[in-house]
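Protein chains: 2
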Amino acid sequence: MSGKSLTLGVFGFGCVGSGLYETLRQSNFKGANIKRFCIANPDKERSAPNALFTTEADELLNDPEIDVIVELIDNSEAAYQIVTKALRNGKAVVTANKKLLAEHLQELIALQDETGQPILYEGAAAASIPIIRNLEEYYDNDLLREVSGILNGSTNFILSAIEDGGTFDAALELAQKLGFAESDPTLDVDGWDAKFKLTILLAHAFGIVVEPSDIPHVGITRISPQVQRIANERRERVKLVGKCWREDKKVFAHVIPTFVTQEDELNQVENEVNGVVVEGAFSQRQFFRGKGAGSFPTAAAVLSDISALTYDYRYEYKKLNREKDFEFVNDHSIWVHVSGNNRDVLPLYAFEEVVNTFRSPEHSYVEGRIGLRNLINLSKEGNWSAVALSSAAVSQFEKQNNLELAN
Amino acid sequence: MSGKSLTLGVFGFGCVGSGLYETLRQSNFKGANIKRFCIANPDKERSAPNALFTTEADELLNDPEIDVIVELIDNSEAAYQIVTKALRNGKAVVTANKKLLAEHLQELIALQDETGQPILYEGAAAASIPIIRNLEEYYDNDLLREVSGILNGSTNFILSAIEDGGTFDAALELAQKLGFAESDPTLDVDGWDAKFKLTILLAHAFGIVVEPSDIPHVGITRISPQVQRIANERRERVKLVGKCWREDKKVFAHVIPTFVTQEDELNQVENEVNGVVVEGAFSQRQFFRGKGAGSFPTAAAVLSDISALTYDYRYEYKKLNREKDFEFVNDHSIWVHVSGNNRDVLPLYAFEEVVNTFRSPEHSYVEGRIGLRNLINLSKEGNWSAVALSSAAVSQFEKQNNLELAN
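Same order as they appear, the protein sequences are chains A and B. Per UniProt numbering, the first sequence runs over residues 1 to 407. Per UniProt numbering, the second sequence runs over residues 1 to 407.
Read the hints as simulated data drawn from the structure, not as lab findings. Careful: at least some of the hints might be erroneous.
One copy or any two copies: either way a pair holds, since identical chains are not told apart in the list.
Straight line, CA to CA, 35 Å or less: simulated DSBU-like cross-link-like pairs of lysine-lysine [claimed, not checked]:
1) K318 - K35
2) K44 - K177
3) K30 - K44
4) K324 - K35
5) K318 - K4
6) K4 - K30
7) K249 - K4
8) K250 - K30
9) K4 - K35
10) K30 - K318
11) K324 - K30
Full structure from sequences and hints, please.
Written out as structure tokens, the structure reads:
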């Protein structure tokens, strides 16, 4: 057994960067050493020798000794400059930056072909869970039907925290204090972060490369105590679920708060943990759960990518090259629970089909099937809270529908 | 993207063999085709053209066109002959035969080195769950602490079935009828099958290669309705858990029925499903769940191995080559619940420490810490039923111990 020995230049010494430094020190891994960290603020005190740090990006990017650029900064625009320049300079790249990847995936795939240099990014989707590598390598020939999951640790932490009646704001503050929320919490709570990760999973699961803005999404900011109460009554939980799935050649995707029954794998995913379900025709239903954020869990994924580079591993984007006739659909309709405190005007008009309505002085809701565009409008402009119904409830409604059609 | 195109010779057309045939037909995978199946009984009706079948092993093993031998038969001694001859004849091997692998692991690793030919066997441990590949590739540099899981579908099916008061015999019969029990059920219910898989995981997690007989184990045949009742009272479940873990340089392993709390990942693993927990210093606690038996789920793992061979993938046994100072320990003591219907003579003498005793006319038990050799003797010769206490209970006892030591 032998692999290359790699020299690394690392951008960022925050939560993940310092975690990587510590992980490399403690691990038995001998395949790489960090030559230099590039950081923004030279005056911060850091848990590594001063000589390791520079503020000059080009000291890393132009250093012929450096084989791999590890990009672990928050700013996705700066990351884009770093990563593209690194590839063009003949360096492999490891990054955990989901926003960068999701927004430039097409280009970054092309740039890998053009430069011959790989980018690995296991830490960018569900942090410690080895989902990208398994989609690429292990499920590459299974006829995948669905990849879904709890992909954002901070919203899951918040949703766990407000289940017993806590407020959204207090939960968000706690998540930020514990380091489970990103620098800009709106990316998390509005569902963008989960969507970035779903964009990456779509490429590796189904060979679909889209702009994140093409994927419909609803965030968690409107989840009210009343919605939580309904979930508790139904013995379900509200989780922010990102989901992509295939029906024949059509591939669908969305991110939306979802009622999750006790039988559902995602029910048992707590706090900052992530969970991913992969359903294939042959392997059937697989579930992965692990830390979705945090210094060491994300650094562990980054280290696995670095280790893979010592063996010249690269993503082949097998589905992208093979499943050319898959078609991405983002105007589908879904079964939802839409609620608010306006009992006089339930937005029945927006639904394709209504199965339940409820009105009370404090809280009203409607449940039924609705087009995603209508749903997003209701959520954004109408202050309505939207939660997808559990798959158990949906099966029941669809069964009823079929029965009625049959009669 | 391009890999080799492989010609396969497959031994066996039972549950997994026929599943592989179907999987290859339905999948988009173009990297391999089956030239011939070798089967034992030529007169059985089969869902594939007659010309595909032969009863002559050498027609496959000596065929220069065949690149890969896929071994999917039940008999591990015949499998040993097939697999070793295939490697010596310059063919790669894919097998899902855990007994063969566990009993000959040392030799089969050496034979891979000697012949230069790889054996892949993802289907041999936890069927559809990609645990071996992930231990090899993804957790290769993490400081693993524990790999544990429900590794045997038929005992898990039986344990699920008797929770509500059903009898062991009826549950076993149902498991066999549904195809969830192996040809010889004693390998399952006595814990051998789980132990074979644990033997394989030990090699890939910690680089420890041992004989299966070196791993202490207790089966599920003595799990009584009284034990189930106690589990129900405590809101725990009884699961057959295989576990290996590391404390500094010492590596421990055993297979034993275990009380599992609701907070434990393994609590939610039902029927023929398997679940595996991987705990590393960096990635922290990861959980994988998927079908642990069955035609398609196992064939999916076999197909992934075949696909990996098109890219010249092989196990590097990285831990084996690196962690040379790990020491395997199999005379450790554990916390257990030992019960029977003899209230007069509780086997207190065998325990190192006793924390609870209970006596009634129908059922008596003792809980405490016991050496594994004593435990196995009690189980085998004394007709006592042994169930490991939940990790929650153990933490509590150990905390009490520490408090007492501190005072």
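How the hints compare with the structure:
no., hint, verdict
1, K318 - K35, "both (33 Å within a copy, 25 Å between copies)"
2, K44 - K177, "within (19 Å within a copy, 67 Å between copies)"
3, K30 - K44, "within (29 Å within a copy, 55 Å between copies)"
4, K324 - K35, "between (42 Å within a copy, 29 Å between copies)"
5, K318 - K4, "both (25 Å within a copy, 15 Å between copies)"
6, K4 - K30, "both (10 Å within a copy, 31 Å between copies)"
7, K249 - K4, "between (41 Å within a copy, 27 Å between copies)"
8, K250 - K30, "between (45 Å within a copy, 22 Å between copies)"
9, K4 - K35, "within (16 Å within a copy, 38 Å between copies)"
10, K30 - K318, "both (30 Å within a copy, 12 Å between copies)"
11, K324 - K30, "between (40 Å within a copy, 15 Å between copies)"
No hint from the list above goes unmet by this structure.
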